[in-house]
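Residue numbers (this note's numbering), protein chains in the order written: chain A, 1039 to 1330; chain B, 1039 to 1330; chain C, 4 to 380; chain D, 4 to 380.
You can take every hint at face value.
Residues of chain D clear of chain A, computed beta-carbon distances all greater than 10 Å:
| # | residue |
| --- | --- |
| 1 | Glu66 |
| 2 | Ser67 |
| 3 | Glu73 |
| 4 | Gly80 |
| 5 | Glu82 |
| 6 | Asp100 |
| 7 | Thr159 |
| 8 | Pro195 |
| 9 | Asp199 |
| 10 | Glu350 |
| 11 | Gly359 |
| 12 | Phe363 |
Pairs of lysine to aspartate or glutamate residues, derived as DMTMM-like cross-links and limited to a Cα-Cα distance of at most 25 Å, are as follows:
| # | chain 1 | residue 1 | chain 2 | residue 2 |
| --- | --- | --- | --- | --- |
| 13 | B | Lys1283 | C | Glu236 |
| 14 | D | Lys151 | C | Asp185 |
| 15 | A | Lys1206 | D | Asp364 |
| 16 | A | Lys1283 | D | Asp215 |
| 17 | B | Lys1283 | C | Asp250 |
| 18 | A | Lys1064 | D | Glu350 |
| 19 | A | Lys1152 | D | Asp185 |
| 20 | A | Lys1329 | A | Glu1307 |
| 21 | C | Lys58 | C | Glu24 |
| 22 | C | Lys335 | C | Glu236 |
| 23 | D | Lys138 | B | Asp1093 |
| 24 | B | Lys1206 | C | Glu349 |
| 25 | D | Lys222 | A | Glu1137 |
| 26 | B | Lys1283 | C | Glu226 |
Please keep in mind that the hints were generated in silico from the structure rather than gathered at the bench.
Built from N, CA and C at the ideal position, the CB exists for glycine as well.
One-letter residues, chain by chain:
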Amino acid sequence: MTVLVDKNTHVVVQGITGREGSFHTKAMLDYGTKVVAGVTPGKGGQSVYGVPVYDSVYEAVSKHPEINTSIIFVPSPYAPDAVYEAIEAGIDVIVLITEHIPVHDSMRFIRYAKLRGVSIIGPNCPGIISPGESKVGIMPGHVFSKGKVGIVSRSGTLTYEIAYAITKAGLGQSTAVGIGGDPITGMNMIDMLERFREDDETEAIVLIGEIGGDMEERAAEYIRRINYEKPVVAFVAGRTAPPGKRMGHAGAIISMGTGDAESKIRALEASGVKVASTPVEVAKLLKDVLKG
Amino acid sequence: MTVLVDKNTHVVVQGITGREGSFHTKAMLDYGTKVVAGVTPGKGGQSVYGVPVYDSVYEAVSKHPEINTSIIFVPSPYAPDAVYEAIEAGIDVIVLITEHIPVHDSMRFIRYAKLRGVSIIGPNCPGIISPGESKVGIMPGHVFSKGKVGIVSRSGTLTYEIAYAITKAGLGQSTAVGIGGDPITGMNMIDMLERFREDDETEAIVLIGEIGGDMEERAAEYIRRINYEKPVVAFVAGRTAPPGKRMGHAGAIISMGTGDAESKIRALEASGVKVASTPVEVAKLLKDVLKG
Amino acid sequence: MKLYEYEAKQLFSLYSIPVPEYGLARTPEEARDITERLGGKSVLKAQVLVAGRGKAGGIKFAESPQEAYELAKELLGTEIKGEKVNSLLVSKIVGIDRELYLSIVIDRSVGAASILASSEGGIDIEELAAKSPEKIIRVYVDPLVGLKPYHVRRITETINLSDEQKKVLQDIILNLYRLFVDFDCELAEINPLAVDKEGKLVPVDAKVIIDDNALFRRKEFAERVSAELSDFELEAKKHGFSYVELDGNIGIIGNGAGLTMATMDLVKLYGGKPANFLDIGGGARAEVVEKAASLLLKHPKVKVLLVNVLGGITRCDEVAKGLVNALKTYGKDKKLVVRLTGTNEEEGKRILSDAGISAFDSMEDAAKNAVALVKVM
Amino acid sequence: MKLYEYEAKQLFSLYSIPVPEYGLARTPEEARDITERLGGKSVLKAQVLVAGRGKAGGIKFAESPQEAYELAKELLGTEIKGEKVNSLLVSKIVGIDRELYLSIVIDRSVGAASILASSEGGIDIEELAAKSPEKIIRVYVDPLVGLKPYHVRRITETINLSDEQKKVLQDIILNLYRLFVDFDCELAEINPLAVDKEGKLVPVDAKVIIDDNALFRRKEFAERVSAELSDFELEAKKHGFSYVELDGNIGIIGNGAGLTMATMDLVKLYGGKPANFLDIGGGARAEVVEKAASLLLKHPKVKVLLVNVLGGITRCDEVAKGLVNALKTYGKDKKLVVRLTGTNEEEGKRILSDAGISAFDSMEDAAKNAVALVKVM
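Just chain A, with the same shape it has in the complex:
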């Protein structure tokens, strides 16, 4: 068992004929992901790397009822429509790569997805990978390897960096998910901690946080409150970020007196989470906790 995506994941790519969409369709196919259909309105009938393209998700799902997951590369002004279309078509897991979606829009479709029981990963995220089973995202597959560490991260390349360190340390990952760098994301750290908790294959969890919001503090509180059974190691980026400035991600900003790295690290440590100072240290701490 893995989390959210596995061998049974069948993917439709929304925005498959675009530059990003087609590039990553190939990369996912190469990784072994079961990409069975693509959607671009008006381009139905074409194909991209052998994947048939349809005009709507509804049509894709009618033709390929095994589809349960969507990955969205549609530009931000049209992305909310793509999300609602996917929900209505009965998709279970939506990976929303698109960046720069207005927060009022994502607030609405994320709320709606929650009420409909649909999991959204993103927006503004690298996606999710269960190494050796399925990659639904834009991450480089080779830095990941099958293993027992679950990763949940607000970052992209930093996740690859740390995953790579874990891989090189001989540990590997069960599932790694980048939940996205936006202020409001479909899945948060607690959602993922809950899923990793119930996943037999996951023996330790890595939280990769960054400045902005209080998701790490809430995760820390959750870990303490339920006395989380599996060891958690964390890394928090942005100790040197100044307040009031957005650091690349829409969500990475210290504002209204919350969101600085120190308070996150303090909260995590107070809940017994080991916090690493460098990416390499994450792997080291993992080795320690997995031995203990």
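Dock chains B, C and D against chain A, hints included.
Just chains B, C and D now, with coordinates in the frame of chain A:
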């Protein structure tokens, strides 16, 4: 076990200080219903027949956490607000008596309630009664008696008429619910058939339909499709109603070629449902099916 | 309430759905002048709310302003299916190449707006739905989400149009949906939505029905409702009754719509014919009952009045008082049959029997009696 | 983007939230004339975006038009916390009796708009939230439902006001929420919301922050954003980089926001000081990398440039090419430290070593090296 309301039902009355609200608060108390709080904005601190009044449902629920059910007597322009307030305050069952709510409004809050897992009975309904346990509605309690017949009805007084006939025939009711006379209601006949199916105390069901829409046809289709185990008897009002005219209820209209009584009766009979020609005949048919 | 075509078209214009140029004529002179302005030819459409206006001769084509004058003179003041023609929509004639169908309607069973479209317009959509359902595309809109581009694309994909025409159709759908929501519509329909000889999409007819319960938000239409009612309907409305005129001779009063309909049905079952549907609602006082009974007692068609009250909130004594008072004034040559049971039943029956009226306990018996009485009159 | 107070107040007026009468002055003469028009007295408020304007001397009271002239002359052109004062909001003075607080903000953890209100306004709400959280009422609004009267009542119930004042406050909340949604706000704040000597509710200050990602829907503001940036920020924006100026001397380039921040953190951990944050994003080509590197190489504060790229979509050979090209033009007296790994790593390293640059495999080593280099310069 009964359906939706029972001895554990604790009621807040929204619009308790109004004429209807206070009248029926007394009637419900007299029946033995556990009415524990009322709400009228701006009238917090008063009391109605000994029931404390609060400014908001939120406050009522904070003070009386046992509240799980609301009955709403708020006038139609303000009723949607009252429904959203009840949902947000964590109410499980909402009985919405109010008539004349715009259908665009009820469409929205009914959809929302469904996604939040909240049961709405109504709008434009007499409410629900589990004789001897709880009455959350405006029906005259004395025509009902504890028994094994579940009633689901789109009508008010016609329900009392038939319930009375059943009572006089010595059968009694497990639960009787008037789902409301509007085109769109929170609970429909299939919802109630499903609940009665799982209710140990219910041995037969009475469907009371009327012209308008295709709810009876759908119920008939459901009964046939799942091979409904309990006997069902029906009565359909409006065989003499002309097309295109609204017969009292907002939903009682034959329009766009659907909704006449004959097609409903035909559909029900085709599914093995006995359809009575008069209210008294309902009780007679029930006696037959319960013997058989 | 159903809007007149010209009102619906005004709303269309307000929502950027372009309709063929038109004017409203209340006199032959106006019809002539408008036709002049439109270039000398026009189509005259009787502004009535009944369906089937075209087949009933309510639509005429004028080849000249003078002909428009003549035709208008013929049409104005006549009745179409019982409804008087007070005005004509005088419109530019559309050279129709194809006819499409488009509507938005509240779907009762799904509990959502449903958009229906078809490449085959102009005809009766119910007939088409029955005969060839596959020719109709139907898309539901979650009321919590609203209309999204993907809904619109699903419709336009199925209709054979050029890309340019598809864009126009998309706009029409979006705008029609906005109108539908803003004006609390039960129905907003364009049938036919013509493709004219130049390939332009033109709404030839327009039908809009607004939810009566939402008229408090649309006072401009609320006032007009009353103007369309018969005298009896108007008086009933004034007193808050639900009232529907039927063509029999047994007047029916009940409390509750279902019970009242069931009473009508019983009358029919026993061989009688109901003259009307009158629901006094819940908790009616004596004065209200008196008004309701008086209304029917003075109705020329009503020979026997059948009252069926099951008292819950409604008190039997109040009903009895109201009936007795109405009888005093209007009861001369009419028969009254009463079924009265429930709250304060004893007192109610006493009041009735003091006035020489005996009441039934069962509605079946009361209905049988009313039918029998009519037969002997 | 944060709006200027006068822009926020324009929006307030557009949404029927009445603000004290004001004018915008760009010259002392205009300040004098506006004060004249306001009746001879005014408050002059520097229009800057930095917080804490009042304490920094950016708000002055004028007892006469002449004084307004003098004060405006003093204020205009000065800098407040590093931001130049180009204009003054010249406003009627409000006789304040009490100060309330009201704001609507996106709550990240709940994923909904949150309305905050307090009887204690005028002060820093974060301080109040920390010290006396019970003095703040907070109500969440489900984005699928929107603001409902019950939300508004829950707020007004907790604030001690007359019924008349409560009604006004309800309207202000409703209108502020409409503005908040229509303009894609992250924050809409009134602090203080004054109760004046006559008991009227008056928004004295106004703060509105619009979501940058939604500016495509608000072109009128989108254009202004660029005007506020420094030259470096502007150039970075032009090339699509995320760029933030810091005060150290080690320039930082990374791919991905998290990785770039982590690189900054490492520099600090090893005793150095980052000069900036520059994220080239994913999949950058050689030209883009060249632009980014050039930007930092010519930055006067940057002594050493630390580049940290983990190639995924980004190809190491493209990065290497870009860096080598930038060095040719701007590399004279700057040191370059590179960490390069991932897609096309071999080729990238070859290109670098051909140009005499060796690359690290580990970001820790690279950061240590950059810090060491600065120390010896």
